[in-house]
Amino acid sequence: MSISNTDNKTELSATDLTVPANNDIMRVREFLVDLQARICQALEAQERDGGGNATFVPDDWERPEGGGGRSCVLADGEVIEKAGVMFSHIHVHNLPASATARHPHIAGRKAQAMGVSLVVHPKNPNVPTSHANVRLFVAEAEGEDPIWWFGGGFDLTPFYPVLADCVHWHQVCHDLCAPFGDSVYPDFKQWCDEYFHLRHRDEQRGIGGLFYDDVNTESRGWDFETCFNFMKAVGNGYLDGIMPIFEQRKDTPYTEAQREFQLYRRGRYVEYNLVYDRGTLFGLQSNGRIESILVSMPPLASWHYRFEPTEGSPEFALTDFYLKPRDWLTLYV
6 MSISNTDNKT
16 ELSATDLTVP
26 ANNDIMRVRE
36 FLVDLQARIC
46 QALEAQERDG
56 GGNATFVPDD
66 WERPEGGGGR
76 SCVLADGEVI
86 EKAGVMFSHI
96 HVHNLPASAT
106 ARHPHIAGRK
116 AQAMGVSLVV
126 HPKNPNVPTS
136 HANVRLFVAE
146 AEGEDPIWWF
156 GGGFDLTPFY
166 PVLADCVHWH
176 QVCHDLCAPF
186 GDSVYPDFKQ
196 WCDEYFHLRH
206 RDEQRGIGGL
216 FYDDVNTESR
226 GWDFETCFNF
236 MKAVGNGYLD
246 GIMPIFEQRK
256 DTPYTEAQRE
266 FQLYRRGRYV
276 EYNLVYDRGT
286 LFGLQSNGRI
296 ESILVSMPPL
306 ASWHYRFEPT
316 EGSPEFALTD
326 FYLKPRDWLT
336 LYV
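Each residue of the sequence shown is one higher than the one before, starting from 6 at the first, in this note's numbering.
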């Protein structure tokens, strides 16, 4: 399919696919299964290069309501303290409030949801925590066309940021979005900044990246194949973004005080996932598998009463400069 953009709006021909068939949905599943395997392999390579021998342990599971998945978890590594890379393809007969409140037109439909989600908690405080997710949701009713959309993105949560890493991360975001239209990166970057915001602390979770949801023909003007191609670009883009940062920062020396600050900042990650994260809420409300839902939690985290970093310190710079939405691509390093 060819895409033509006029004033940043995509136009589709009458022959473009807007209603996916079962084989289209299965092609998405095949990509997701392969993506999970490739991400696990790349992270295990970082672990080996850092002198560790921890590997991902696969855990296959089934869901009574239908479907299942594979949760792959690496723990207690020399480079990666904990990582979870999860694939799931589930069937839902009674959609939870977290889904129907935002989409009342799907109430009463059966649905299937599939995706890969991951969180990586490195051991070294100089390596950021990273998160990625790509997913497809399809709601179906007898005798009616399916209602479908794609969602996902990835974001970075550093503890001791390096400006060059932040610019690199957002350059990857920009470049993977570029073939899909000039407005895609700024739209989905802003959405990410707004979504990963801890309202109760008025603080960003990290430096952002991309976030998108409800992407389909109606919302974006893309047919199914274009939406799927964007999913592939985002899924593959995560590795392009995080691997160079791992390679450059995983051997950086750190102090016990820096490790304590990392654990303190991980507490913010826990707060966000339990209070705001839509995936967590959907999983809990749809009777999801609790071990897979909460695998994103770090193995260690801490909270301190009224902690105030010293002005001018790297810890101060994190919240004073880095954890603020900004145009990273205009910063020169």
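Please keep in mind that the hints were generated in silico from the structure rather than gathered at the bench. Predicted model, so just to flag it, every value in this text is computed and none were measured. A hint or two may mislead.
Simulated pairs of lysine-lysine, DSBU-like, Cα-Cα distance not exceeding 30 Å [said to hold, decoys possible]:
no., residue 1, residue 2
1, 128, 237
2, 237, 115
3, 329, 237
Ascending list of hint numbers which this structure does not respect: none
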